[in-house]
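J.: Spelled out, the chains give:
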Amino acid sequence: MSEPVIKCESVYKIFGENAETMLKEANGNVDAKTFQENGCIVGVNNASFEVSKGEMLVVMGLSGSGKSTLLRCISRLTDATGGKIFIEGQDLLNLNNKELIDLRRNKMGMVFQSFALLPHKTVVENIAFPLQIKGINTGESINKAMDMVKLVGLDGRENYFPRELSGGQQQRVGIARSLAVEPDIWFLDEPFSALDPLIRKEMQDEFLRLQEKLQKTIMFITHDFDEALKLADRIAIMKDGVIEQLDTPANIVLNPATEYVRKFTEEVPREKVLLIEDVMDSSTTENIGDLKVLRDEIIENVAEKILTQEKTVAVIDNNNNIVGSINPTKIINTVFGGRKNNN
Amino acid sequence: MEILKKYPKLFQWLFLLIVFFALCFAIDVPETYKFIRGQAEFVKDPNQSTFVFLGKEVRYYAFDVFWRLPPLLGWLPIWINDSLFFLMNDWMPMEFWNEDTQEYKTRPLVLQITRNLTAFMTFLIELIREILLGGLETIVAFTSWDWIDANPWAELPGLPWTIVAAGSAILAYKLGGRGLAIFAGLAMTYISIFGQWKPSMQTLSFILVAAPLSFIFGLSLGIAAFKSKRVEKALYPILLVMQTMPQYAVLVPALVLFGVGDHAAVIITMIVAVPPMILLTLLGLRAVPPEVIEAGRMSGCNNWQLMFKVLIPTARRDILIGVNQVIMVCFSMAVISAFIGAKGLGFNLLLALNQLNIGLALEAGLCISLIAILLDKMSLAWANKQVDYFGNLNFFQRNKNSLFFALIMIVGIALAYFGSIYFKGGYNYLFEVPHNKGISTADFWNKGVDWIFDTFFVYIKAFNTWLIVEVLQPMRALYLRMPAIATIVLVVGAGYLIGGIRSALVVCGLTLFIALSPWWDRALVTTYMATFGVIVSCIIGFTVGTLCFQNKHSTNFMLNVCDIFQTFPSFVYLIPVMMLFGITDTSVLIAVIVYATIPATRYTIEGLRSVPSGLHDAATMSGVTKFQRLFKIEFPLAFPHMMLGLNQTIVFALFMVIIGAFIGTEDLGQYILKALSDKKGAGIGLTLGICVAFIGLIFDNLIRTWVDKRKKHLGID
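Protein chains in written order, with our numbering: chain A, -13 to 329; chain B, 141 to 857.
These are computed hints drawn from the structure, not numbers from a lab.
Check the hints yourself; a few may be wrong.
Here are the simulated DMTMM-like cross-link-like pairs (lysine to aspartate or glutamate), alpha carbons at most 20 Å apart as the crow flies [what the hints assert, rightly or not]:
| no. | chain 1 | residue 1 | chain 2 | residue 2 |
| --- | --- | --- | --- | --- |
| 1 | A | Lys199 | A | Glu168 |
| 2 | A | Lys216 | A | Glu263 |
| 3 | B | Lys369 | A | Glu3 |
| 4 | B | Lys851 | B | Glu746 |
| 5 | A | Lys93 | A | Asp133 |
| 6 | B | Lys449 | A | Glu126 |
| 7 | A | Lys84 | B | Glu434 |
| 8 | A | Lys93 | A | Glu74 |
| 9 | A | Lys258 | A | Asp170 |
| 10 | A | Lys93 | B | Asp458 |
| 11 | B | Lys525 | A | Glu150 |
| 12 | B | Lys819 | B | Glu197 |
| 13 | A | Lys199 | A | Glu188 |
| 14 | A | Lys120 | B | Asp458 |
| 15 | B | Lys449 | A | Asp170 |
| 16 | B | Lys517 | B | Asp458 |
| 17 | B | Lys367 | B | Asp458 |
| 18 | A | Lys39 | A | Glu150 |
| 19 | B | Lys367 | A | Asp65 |
| 20 | A | Lys297 | A | Asp276 |
On a predicted model such as this, the values are computed, not experimentally measured, just so you know.
Isolated chain A (complex conformation) (with noise of 0.2 Å):
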């Protein structure tokens, strides 16, 4: 695998007067409350993790928990306490200002819980306003501007000002603006939080199809579980500055780290989240039906013919390779066991 695109090692954010030195007198052993008891608050606890290219990674947490503290310190919009970070092996936090604001200019986009569009500004003025700032002239910044509205679908208003659009038109806006300058690394801090339900839906299908086309490397703040088990490869779960818990989303539903990730992984609809060869059984390849089912085929959109089967299921690969069974007793059990144990 190649070298990783985002790199957090052992990252800290504290607030507070003399954060650095109890960091440091604190050894690596950070306790939030004595942290408090001395007026600083412990914003990221020892945060360590990796993006690799093309990944989407969403952090997920309730407010407080740290997540958006932990973007600001990777898009090093706040200075992290503690601890290093590489953007593409180059060390975040040593970069002076020019070479950051290189950094920004090329590598990154970001997109807002708030939209932070530019009331002033029209909305092709405000998907220009990266390039505008990167010394692209006026002419060459709206055309390439006027792609991206097409690219979010509002062609036609382009002319309008921020406030005479809906939420999540505005949210496209902010979409559009973050990608203006082709970026690398993509931030979103809860970009759909404001909006209303069916749209978020929308904007979080739109999203996917996006992401299906430009394959950027992703890291995605939400306190929305539904939304995490949704659009992530990897969810992190945050609580308190510490990250709880860091895997897929099928293994967070199906091991849960801790009592706190269990809390969230109740409600879930399972075969709505897993995939077959998630709970395939990959050893027992004998006594096999006739059914085939595909592994990364979601449990919902086959659970009715694999439970009309008496005998175990096939599961394939795309090659109609078999690479394991399973049987319908483990789809009941998937489905319906193990949470009554739970309360």
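Given the coordinates of chain A, work out where chain B should sit on it, guided by the hints.
T.: This is chain B only, laid out in the frame that chain A set:
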């Protein structure tokens, strides 16, 4: 006792009032006391006492300490004055190269600096003025008098009024479209035809220097204060005092530093106009949402781009209000600075007012107001201008405005040339309509005023006499009857009850300053006039505001009216009242009431508007009547905002009361006006100004503290 526990605040206030009245009755008026009509410090009166402080002798009338405090600060004006003169004439003499005499000359540093500043301002004003009106001083500044004598062709001819009028219409069209263009054209044509061209252009040239400079300084200082806490802390007290300082008072010290003329006027205007600009810039920048700043950073802005492409445009609304304030102050100063020899409409207006020629004053005032509204609208339009990127324009379409202006230039010059042949020997009306040769409606207005006066004389007189005898004089007597100690107890007690010990101390300091100055009596008169004005303004403003709020159209209409009235320079308000009531306190008070009603109305409407619509609906669904809703829901919630309006009303009223000195009042303003014509008046003028500012700040402090508490209590921000 139960009641006492239930309403502790009420009883504290009652107790305070009882103490106040007890003090008033307990302390008798000293037999020797009389309201001093002249200036005590210049009258040699055997009844006066003296004391010497810092080598300055201070003379005053001694009374019982409880009745009036001795003027322990009487040395302050003299000391300020002496220091100013020392600074100007004796401090740090240095050798400076003198261009005219071609030799080194010894001059004090401050004098040299102020003279250079003055020369720079003069150059700027003259440059614009000579483009508009013609002249040779700009050319001389680059060459010499001898050279211009030898080359008379180099003298700037000035632009014919046709070109300026058409040019401003084109500019207005480019910025704001057809409506603004028509307004600009008509306004300029009016000014020309009515023979106000020259003074108007003089005023305009003054404004075109003062307003941009004030804007730039205000914006930069606002940015500096935004970036650095230390700068903000240093600026804050100055800003606070300058906000309530009457503009008159700044004139006097500036007179000493910068001399007489347009340049001094520009500098004073900047001193007055910059503080509100700083405050509004700061306010606007503070209100920019943090995510917008982050979005700017993530777009790769450096600090410069972040400030000028993200922060300032986003804070545009407040900054534009600042620009509007700057323009307002500039026009109001354009009139006031006529006192120190600025040329233009202001000078004509003052002259006309002095001669009681209401018609002429009206014309000059109208011109000032027209230019003020025009500049205000144009600056607004400029800031809101939109660019069209998609229009596929050819060369002509893109440059049509410039081409059109070039055409106008040619036509205008041709017309002026034609005029010079046609009006041989006489005045060239196509070049410039001379001051006394335009159409004048002055006679019409004067006759109108005479007619009104003749017809309604009895009623006006009766009203006037009634107001003065029955209301004003008793009120004034009551104010003057307050022993100093009782007033201080009342004010400090109110401070304590509203804001605790901190507020009490601040208010106490401010009051003591006034009480220990030689002008306590005068300050009382100023306060009485302001109080009367504020009470009436608030009643009118709150009523009108509430009535207008009942309907969306009337709300917008009223806000627009407020906007327009606010653009009028303050002196203009004196014209109609003098028309009707002549030179009396009534005139001043009515001007005060009209002027101060603007903020009262505006804040009432905006306060009522700020009531969340959800509450409005909730109240309606609870089945309230219109009146119940107004009194139980809207007023209590809008009250903090309305109180801020009261604050503004007080500031406006104080301003007008001081300006009213021009008509003739017996308050602090009268002394400020006197100090203007006094060679040693700088210290007196400044101290008087500070006294007025402190009166404003006392109320400001009390009201603001109360509002903050109330807002916290109601949970609104």
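J.: Which earlier hints can't be squared with this structure?
T.: 9, 10, 14, 15, 18
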